[in-house]
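Since the structure of chain A is provided, determine the placement of chain B on it from the hints.
Each chain, letter by letter, is given below.
Number of protein chains: 2
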Amino acid sequence: MINFDEKSMLANGAYIYDQRGHMEAIADQICKEGFDNIFFTSSGGSIAMMNPFVDIINEMSDIPVYSIISADLLLTGHNQLRKNSVAFLASKSGDTKETMEAARYLKERGVRMISVIGKEHSPLEEISDHSVIYKDGRPQELIMYLLIGRILYNKGFFPDYPKFADELKELPAVLVSVRKAADEKAKKYAETYYKEPYNIWVASGNLWPVCYAYAMCVLEESQWIRTKSVSSPEFFHGTLELVEKDVCATLLITEGKTRPLDLRVKGFLEQYTDKFTYFDCAEYAYPGISDEFRWMLSPVVMNAVLQRISKNIEVVTNHSLDIRRYYRTVNY
Amino acid sequence: MINFDEKSMLANGAYIYDQRGHMEAIADQICKEGFDNIFFTSSGGSIAMMNPFVDIINEMSDIPVYSIISADLLLTGHNQLRKNSVAFLASKSGDTKETMEAARYLKERGVRMISVIGKEHSPLEEISDHSVIYKDGRPQELIMYLLIGRILYNKGFFPDYPKFADELKELPAVLVSVRKAADEKAKKYAETYYKEPYNIWVASGNLWPVCYAYAMCVLEESQWIRTKSVSSPEFFHGTLELVEKDVCATLLITEGKTRPLDLRVKGFLEQYTDKFTYFDCAEYAYPGISDEFRWMLSPVVMNAVLQRISKNIEVVTNHSLDIRRYYRTVNY
Chain A
1 MINFDEKSML ANGAYIYDQR GHMEAIADQI CKEGFDNIFF TSSGGSIAMM NPFVDIINEM
61 SDIPVYSIIS ADLLLTGHNQ LRKNSVAFLA SKSGDTKETM EAARYLKERG VRMISVIGKE
121 HSPLEEISDH SVIYKDGRPQ ELIMYLLIGR ILYNKGFFPD YPKFADELKE LPAVLVSVRK
181 AADEKAKKYA ETYYKEPYNI WVASGNLWPV CYAYAMCVLE ESQWIRTKSV SSPEFFHGTL
241 ELVEKDVCAT LLITEGKTRP LDLRVKGFLE QYTDKFTYFD CAEYAYPGIS DEFRWMLSPV
301 VMNAVLQRIS KNIEVVTNHS LDIRRYYRTV NY
Chain B
1 MINFDEKSML ANGAYIYDQR GHMEAIADQI CKEGFDNIFF TSSGGSIAMM NPFVDIINEM
61 SDIPVYSIIS ADLLLTGHNQ LRKNSVAFLA SKSGDTKETM EAARYLKERG VRMISVIGKE
121 HSPLEEISDH SVIYKDGRPQ ELIMYLLIGR ILYNKGFFPD YPKFADELKE LPAVLVSVRK
181 AADEKAKKYA ETYYKEPYNI WVASGNLWPV CYAYAMCVLE ESQWIRTKSV SSPEFFHGTL
241 ELVEKDVCAT LLITEGKTRP LDLRVKGFLE QYTDKFTYFD CAEYAYPGIS DEFRWMLSPV
301 VMNAVLQRIS KNIEVVTNHS LDIRRYYRTV NY
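Sequences listed follow chains A and B, in order.
For the first sequence, the UniProt record's numbering assigns the number 1 to the initial residue and increments by one for each residue that follows.
For the second sequence, the UniProt record's numbering assigns the number 1 to the initial residue and increments by one for each residue that follows.
In short, the hints are calculated from the structure, not lab data.
Possibly wrong hints are sitting among the right ones.
Which copy is meant is left open, so a pair is good if it fits within one copy or across any two.
[What the hints assert, rightly or not] DSS-like, lysine-lysine: derived pairs with alpha carbons at most 27 Å apart:
(1) LYS195 / LYS245
(2) LYS83 / LYS155
(3) LYS266 / LYS97
(4) LYS83 / LYS188
(5) LYS83 / LYS107
(6) LYS97 / LYS257
(7) LYS257 / LYS107
(8) LYS195 / LYS275
Predicted model only: the values in this text are computed from it and were never measured.
Here chain A stands alone, though its shape is the one from the complex:
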């Protein structure tokens, strides 16, 4: 397996899991103080990382939850945002321009902020009420499972959280095993389709943000591959007409409640294109994780699978994932 360092992956996962006490203390304090609703705000891949938790909160609780792109929040506001809201922000660098501006906007309105940040001592950490710093730690979603899971538990919506949180200790190892199981298919996918002039990517529910972000932040931004992403239910309201025998289409299948929508797309694409690939969370073993938690883990598992495409495709295309034409290269 190319570009794969199992030892550091396990260490990076442990780096986050070791902060479980810190994260649960944040959740406990927020719940003790009380809150009216939860907001997620950031941009690009960072808000997409948090967006599956909109689905999870919606399905498991009656807590009102909203996601809004930071640049939009600054200009339009949001009519449910108030002093007693709690906002989650994420930024790898801790200084993403719109995210910092959103943080100042929230601060002025007295909204409590919990930030998930890569770098220590960033401006975002400085302005936030609470922060979790992950440094080289991965996956970031592990932070969200613990923060959001504990909040849901405290509010009475997730009585099995202690069991879930205990089992999450195995998540880094699960993701290593998923990567190993997925690599051959991912490698073949990268080799077969890296030159496609146009790609359709489809997913639903808690995998839709994963699909959206992978198409935009990896295939487009890092590999300059032309990609249309569309949700499984919406696929049938337009994009399907572009499918022909030689059009490359890729489907991500969730174990969440919207799985039937994905399977409908699968049935269609199998029939109408010869360049169809699907990646299905249900095909992977999650050692140490109870079955009842599997649906929640679809986003983080699928991101591990997709990482194997990325790691293989940059070799096949000889185009490093780090090259940018414009982003943080020119001013705009």
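For chain B alone, coordinates are given in the frame of chain A:
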């Protein structure tokens, strides 16, 4: 101007406006009964037609408002949906499968439904508490301006609604004049770019749903043109990397609060591609409409502009807007 029947457009607009009393009575009854929040649910172009009103309600009031694809609602539910919610549904045929299933789901939960329907005597009309039938009437948005505007007025958020509603009588004529003003540019656009192998479409705020739907329901579904749509703030978090001198990019510029996000994209695209076109709502005259209402009309005005692209492009491509490979042609 090709494919343009001014007389019938004015008659179709009047057909809807003449129902103003009926629509205001619906809004009045809903407000008299009271409601906790507003939902929009449907699929594809129908929900996209309603989605700008999420922005309008958010910006003008403190009424909680949610939009959810019908297929998603059926599988995941929504944790803010309750007996005292009000739901808006739209369907041209009045029998769209998922929309009908969503209507039954809402009915079972005692949620009041207001439906915007093309055909008379449809299953959707049958199950709804209130319906507005538009037959050949256009634009559908006119119905939403009157229904939502009156609700906002009744709730104290839109004191100028009576003036707005009076001025809306001019909307059909405004849209005729916009179409005339836009046709030359739209025709040239269609002739110049109809063969592009890949297109980027960008917009923000109350024009984002317009952009999303035009890309998917017209360019993809009706013309089989490969199109990636992305919102103006998100464009800078990935899609920008695909821009090269010969990549076709199209920007829709709103007069709403997110206009600065569009202008940022404009500055970027002007610099980095030679195939850049923008359509700006601010460039058109709206005779009879007060300036303070212009921002609300961006969606319906832009749809009139885009219709001129559609009407010209089907001639240039010799591909009728009505041909489908799959939709309502094969089973899936």
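How the hints compare with the structure:
Taking CA atoms no more than 27 Å apart as the test, LYS195 paired with LYS245 passes in both settings, with 16 Å inside one copy and 20 Å between copies. In this homomeric assembly, LYS83 and LYS155 come within 27 Å of each other (Cα to Cα) both inside a single copy, at 20 Å, and across copies, at 23 Å. For a Cα distance limit of 27 Å, the shortest separation of LYS266 from LYS97 across copies, 19 Å, qualifies, whereas the shortest one inside one copy, 39 Å, does not. Taking CA atoms no more than 27 Å apart as the test, LYS83 paired with LYS188 passes in neither setting, with 51 Å inside one copy and 51 Å between copies.
Taking identical chains as interchangeable, the C-alpha atoms of LYS83 and LYS107 lie at most 27 Å apart only when both belong to the same chain, with a minimum of 9 Å there against 35 Å between chains. Proximity of LYS97 to LYS257 under the C-alpha cut-off of 27 Å is restricted to the inter-copy arrangement: shortest distance 19 Å between copies versus 35 Å within a copy. For a Cα distance limit of 27 Å, the shortest separation of LYS257 from LYS107 across copies, 21 Å, qualifies, whereas the shortest one inside one copy, 36 Å, does not. In this homomeric assembly, LYS195 and LYS275 come within 27 Å of each other (Cα to Cα) both inside a single copy, at 12 Å, and across copies, at 23 Å.
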